[in-house]
Amino acid sequence: RAQMEVRDVHYSHYGRMCPIETPEGPNIGLINSLSSYARVNEFGFIETPYRKVDLDTNSITDQIDYLTADEEDSYVVAQANSRLDENGRFLDDEVVCRFRGNNTVMAKEKMDYMDVSPKQVVSAATACIPFLENDDSNRALMGANMQRQ
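Per the working numbering, residue 17 is the first one in the sequence shown, and the count goes up by one each step.
Do not take every clue at face value.
Straight-line Cα separation of at most 20 Å, SDA-like style, residue types lysine to any residue; simulated pairs [stated by the list, open to error]:
#1 Lys126 / Ile76
#2 Lys68 / His26
#3 Lys124 / Asp72
#4 Lys135 / Asp78
#5 Lys135 / Ser153
#6 Lys126 / Phe147
#7 Lys135 / Asp152
#8 Lys124 / Gln79
#9 Lys135 / Asn119
#10 Lys68 / Gln79
#11 Lys124 / Thr77
#12 Lys68 / Val121
#13 Lys126 / Asn97
#14 Lys68 / Phe147
#15 Lys68 / Asp109
#16 Lys135 / Asp109
#17 Lys126 / Leu107
#18 Lys135 / His29
#19 Lys135 / Phe147
#20 Lys68 / Gly104
#21 Lys126 / Asp101
#22 Lys135 / Asp72
#23 Lys68 / Asp128
#24 Lys126 / Leu83
#25 Lys68 / Ile44
#26 Lys68 / Leu100
#27 Lys135 / Asn150
#28 Lys124 / Asn161
#29 Lys68 / Met127
#30 Lys126 / Leu46
#31 Lys126 / Phe115
#32 Lys135 / Arg164
#33 Lys68 / Pro134
#34 Lys135 / Gln163
#35 Lys68 / Asn150
#36 Lys126 / Arg164
#37 Lys126 / Gln79
#38 Lys68 / Tyr82
#39 Lys126 / Asp151
#40 Lys68 / Val132
Read the hints as simulated data drawn from the structure, not as lab findings.
Make the full structure from the sequences, and use the hints.
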C-alpha cells in the first residue's frame, strides 16, 4: 500500500504533471496525467515551457525554453498573469514569482523566465472546467475525470 508522501503533489510537478486529474479510489495520486504544455525529452525527463526574460531590458522575449524540474530550480520564474506593457516589460516593480519551489515577491529585475500560460499547470481535460480556480477540489477532480471519458 502506497504512503501519502507518494500521492502528494510536489513543487517539481508544476507545469509537468496535472495536480487535479487523477483517478478516484485506491489509485488516487498514483496515476497522473501530463500538463497541457508538458513534453518528455529524449532522456525521459518531463519539461515545461517558459518565456525567456531579456536581463538587459527586463522585457519578455519570444524565445521559449523547455526546462526540467532541476534546471528550473536555479531560475526565478514570474507568473503568466504578470502585468506587462505593450513592449513586454513588467509594469509592477515587484512581481509574484517562484524560486526553488517557494512562491514569493521579488523585484522585476530578478526575473529569468515567465510562465507561458496560466493553463500550463493543468491537463487538457482539467483546463476545460470553467472557473476552475473557484471550484471545490473534489468537484474539480470529478469534473476532470468526466472530461476524459
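Hints, verified against the model:
no. : hint            : verdict
1   : Lys126 / Ile76  : holds (13 Å)
2   : Lys68 / His26   : violated (24 Å)
3   : Lys124 / Asp72  : holds (12 Å)
4   : Lys135 / Asp78  : holds (18 Å)
5   : Lys135 / Ser153 : holds (16 Å)
6   : Lys126 / Phe147 : violated (31 Å)
7   : Lys135 / Asp152 : holds (18 Å)
8   : Lys124 / Gln79  : holds (18 Å)
9   : Lys135 / Asn119 : holds (17 Å)
10  : Lys68 / Gln79   : holds (6 Å)
11  : Lys124 / Thr77  : holds (15 Å)
12  : Lys68 / Val121  : holds (18 Å)
13  : Lys126 / Asn97  : holds (17 Å)
14  : Lys68 / Phe147  : violated (29 Å)
15  : Lys68 / Asp109  : holds (18 Å)
16  : Lys135 / Asp109 : violated (25 Å)
17  : Lys126 / Leu107 : holds (14 Å)
18  : Lys135 / His29  : holds (14 Å)
19  : Lys135 / Phe147 : holds (12 Å)
20  : Lys68 / Gly104  : holds (11 Å)
21  : Lys126 / Asp101 : holds (18 Å)
22  : Lys135 / Asp72  : violated (28 Å)
23  : Lys68 / Asp128  : holds (6 Å)
24  : Lys126 / Leu83  : holds (18 Å)
25  : Lys68 / Ile44   : violated (35 Å)
26  : Lys68 / Leu100  : holds (14 Å)
27  : Lys135 / Asn150 : holds (15 Å)
28  : Lys124 / Asn161 : violated (38 Å)
29  : Lys68 / Met127  : holds (9 Å)
30  : Lys126 / Leu46  : violated (36 Å)
31  : Lys126 / Phe115 : holds (11 Å)
32  : Lys135 / Arg164 : holds (17 Å)
33  : Lys68 / Pro134  : holds (16 Å)
34  : Lys135 / Gln163 : holds (16 Å)
35  : Lys68 / Asn150  : violated (30 Å)
36  : Lys126 / Arg164 : violated (39 Å)
37  : Lys126 / Gln79  : holds (18 Å)
38  : Lys68 / Tyr82   : holds (10 Å)
39  : Lys126 / Asp151 : violated (33 Å)
40  : Lys68 / Val132  : holds (10 Å)
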